[in-house]
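Visitor: Below, each chain spelled out in residue letters.
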Amino acid sequence: MDIRVLTPADIPHVQSTNITNLPENYFLKYYLYHALSWPQLSYVAVDVSRPKKTPYDPPKIVGYVLAKMEEEPVNGIQHGHITSLSVMRTHRRLGLAEKLMRQSQRAMVETFGAQYVSLHVRLANIAALRLYRDTLGFEVEKVESKYYADGEDAYSMKMDLTNLREALEDTYADEG
Amino acid sequence: MAPPPPQPLASKERSLFTQVVKNYENKQYKKGLKAADQILRKSPDHGDTIAMKALIINSQGNSEEAFALAKVALKNSMKSHVCWHVYGLLYRSAKNFEEAIKAYKFALKLEPESQQIQKDLALLQIQMRDYQGYVQSRRAILQQRTGWRQNWTALAVAQHLAGDLANAERTLTTYEETLKSPPPKTDTEHAEAILYKNSIIAEMGEDERALEHLDAAAKNNPDRASVMELRARYLLKLGRKEEAAKAYRLLLKRNAEYRAYFEGLQEALGLDKSNVEELKELYADVAKDNPRGDAATRIPLEFLQDDEFREAADQYLQRMLHKGVWSTFNNVKALYSDSKKRDTIQTLVEGYAAGNFSTQANGSTERQTNGDSDLFTPSVQYFLAQHYNYRLSRDLPKAMKYIDEALSSAPESVEYHMTKARIWKHYGNPQKAAELMEEGRALDARDRYINSKSAKYHLRNNENEAAIQNMGKFTRNEALGGPLGDLHDMQCVWYITEDGESYIRQGNLGLALKRFASISSIFEIWQEDQFDFHSFSLRKGQIRAYVDMMRWEDHLREHPFFTRAAISAARIYVMLHDQPDLAHAKLTNGVNGEKMDSAERKKAQKKAKKDQEKQAKEEAERKDSKKLAPVDQNGDPKKEDKDPKGEKLLQSSEPLVEAMKFITPLLEFSPKNIQAQQVGFEVFLRRKKYLLALRTLLASHALSPSDPTTHEQAIRLGQTFRIQTDPPDRKIQEVIAAEFDPVLPA
Amino acid sequence: DREDPAPLPTSAEDRKAAAAMSSLEGRGGDDDDAAAKPNKEIDQEALGKAISRLELADKAGTVAAGEKKTKEKEEVEKRAKIKVDQADVTLLVEELDLSKGKATELLKANEGDAVKAMRGFVRAAA
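Chains as they are written, first to last, in the numbering used here: chain U, 1 to 176; chain C, 177 to 922; chain X, 923 to 1048.
FYI, nobody ran anything at the bench for these hints, they're computed from the structure.
One or more hints might be untrue.
[Unchecked claim] Partner residues are not named here, just some residues of chain U that face chain C (Cβ under 10 Å, in silico):
| # | residue |
| --- | --- |
| 1 | Val5 |
| 2 | Pro12 |
| 3 | Ile19 |
| 4 | Asn21 |
| 5 | Lys29 |
| 6 | Ser37 |
| 7 | Pro39 |
| 8 | Tyr56 |
| 9 | Thr111 |
The C-beta atom is built at its ideal place from N, Cα and C for all residues, glycine as well.
Here chain U stands alone, though its shape is the one from the complex (with noise of 0.2 Å):
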């Protein structure tokens, strides 16, 4: 399973496996948006252990994370926030999640200077609390009563990226 950077040519399966898994859908457009106006942020998990069948054959997209930076950051504070994250039930156990969550932080990290990560989680989805809490080391911030458009709550969920920013300036110097 690759774990690449997301190109416009993924969004329609991109698209296709997120309403497939998850009741927030999205206009391709927005997908778009991301995609052009953060183009380091979004990534894919992509099946590519099965040959091509015909020259358009588009990759078979398992999992995404659609990610972005706060438009108008609240005292200037740069930071990054996950949209929309998911695996296909047939692919989980495999740490997909947790691979791209990864990869997408440190793009926030050292491409636009994010000093922490934010995100929503529907209150009943313990995998995913789990996910962002345990293994990535969210915390959560608050309730949002009826962020959702079916009128769920949501935690409100926050990730200091200093140690990974501190992590990262210790590989800059091995990369050189």
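Go by the hints and put chains C and X onto chain U.
Guide: Chains C and X in isolation, oriented as in the chain U frame:
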């Protein structure tokens, strides 16, 4: 947007006119109309005012009236750039881009200094891929406003897309040279412009210079990942293997789940499939650094053979199955094209099922215990069920046996239900398949994935109502047209396509056409979507991503999402041509409903009545609930569908003309798709366009000389020529003799 | 304040997406530029020179284009000399779904030989 009108208006009216323009720009349409009417009471022939009124009326959704008014405006003021500009805007909004461009050009001739007209023209030129025209427009815009970086970048983009790479680079350099001091690191527009220029140098094939430029100008570029990738690629292309290898190793440290990096490293080290020992070491090194990674342990299964393969596959499979990774089978099935590997995997996993964990290659008989052994047994059963359900290793009774074993220990598992449903599907029993999927869905009602699968299986079993009810559990209830309306809005291509295909099976060609037409209109929206980015991307400064988007949009309709729907639609039109009666078939069983006995018919009628009542009730509820008026993605109000059942589509008087709307893009964008060529053949043959039919036949023949449909079509074309009472033009006969006879089956 | 406003989505998640979509629209033109100030770090003298270079390049471009034009002209003249039978044009328009212009072009590219033109065309997709 417009300067004061040229015709003399009294000063009060002049300021009113300015207000109309403002009102329009702020979308205060009612106020705008009121002010315009006020002017027109004094000067009823004032062209510019009439034009503005037309523009506002158009924005309110009344395009016909708007065009009529705009014509009046032009008649009154032939020489007004405002009138011509408005005329262009109306055409633009009606998506008649060619006429819009003409009108803008006229307006620009009358008012060469107008930035707004120039910009509107430029946007349409690039949307229409008039590259030369776009270069001219961008040059004019730059000359009017030289101090803005984006105007320079825009000219470079225009030159680049027009294929003039050298001048594109020169334009970017010229701007850089006007800078007094290097921009700060936080200037992302500048940083991106550097990498954009680098990509142009590379596109010219000058890898050496591209590398130099990268090292000199992009050392601290914030898009570090791009810089590292480009550097590795240039080094590799320049044959600087040692440095390239180093660069790829650094990339693998950043991301060890990307094949392109492994392949780059292999190439840099001069390794191919025969260098098994070196490759093993290379992958083992990366695997050591990434204990939780997959690629470094999975990829070697492709180049290892025999005992080495067995050993590596054993380790890989045991590790994954102990962790209970559901996708293990999906992740290895690509290896099955090698039947030896397929058999080895089968033997290994059957061995696990029998409690045999010996790893013969290293003599160890110890059972691997890294992981939860509670997960292991069901994982093995699940793997085997998928294995025996797979095309290249199919044995359905065995698949059923294993999935039932897995289910007996975990009757609540959604995954096992899904697999059992797939096994039923392969047994050719869509009803059992749909039942099983539905059982799975009920086990996890909050998961949309299983909900989607269940809906799909309902559709495969022609239960459209059950399918949409399922989907409705996750769609928004405020959408116009209920759950299906929401799926249209959200461009849910897979569902609409499956729904259409199901209607073909049921002989409901109207609804089938309706669905495929929806897919076509989704692609139109996707093509239109790029429009705003022609200006937005320049503001944002992310130029490489914009160029990527442009190139993707250029061949948007080669996407299988489009091809699949277009082929089906074209086939239906062929059927409608052959059997015009189908357009009036009402019953819903079999292609024309003949096979229904009276009980079935009664049932169908009852169901139809129920559906109708239900629809009416839902409609009433929607109207009652005073929900927000539905809008499209641009915030404009949506129109009600006047042909919800596709009856008008079905009764088209010229089905072959309709078919061409699908055939033309199919053959333009997917010429290598044999089904596209074959359905093209059917349409051309019926239109008596024999040379075009021959063209598709030659294309199919080149793609697959032994394809049975191609063979049959060749025979049919030959017969057509033979039995013609009216022999074709001598020149056509000559072409046929020269081009057709060689492929004509003996 | 719009008087016919598009309804505001009720949920925060939707509002975010709607705001982004409307930011894409960019209806105004000159206003965009007013918001984005010209770069102050530009050396005006250098800019002046750059522009005159651009104009020169423009002229050179026109000259080059002119040369290209003469070449094209020659090509056009050469093609103009090729005799095309109007009956052949009609035949190609009819048989190959081409416009009159395209059909004429195709015939001229094949020295006016209709059979050759049609043979090339039917083989092109294979």
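Visitor: Against each hint, give a clear statement of whether it holds in the structure.
Guide: Right, here's what the structure says about each hint:
A least Cβ separation of about 7 Å between U/Val5 and chain C falls short of the 10 Å threshold, and the interface hint therefore holds. A distance limit of 10 Å between C-beta atoms decides the matter here; for U/Pro12 the minimum to chain C is near 6 Å, and the interface restraint holds. The closest approach between the C-beta of U/Ile19 and any C-beta of chain C is roughly 5 Å, which is under the 10 Å cut-off, so the hint is satisfied. Proximity of U/Asn21 to chain C holds as hinted, the smallest CB-CB distance being about 5 Å (cut-off 10 Å).
Among the interface hints, the one on U/Lys29 holds; its C-beta lies about 4 Å from the nearest C-beta in chain C, closer than the 10 Å criterion. For U/Ser37, the interface hint holds, the least distance from its beta-carbon to any beta-carbon of chain C being 5 Å, beneath 10 Å. Hint status for U/Pro39: holds, given a least beta-carbon distance of 4 Å to chain C, under 10 Å. The criterion of a C-beta within 10 Å of any C-beta in chain C is met by U/Tyr56, whose closest approach is roughly 5 Å, and the hint holds.
Because the beta carbon of U/Thr111 sits about 5 Å from the nearest beta carbon in chain C, less than 10 Å, this interface hint is met.
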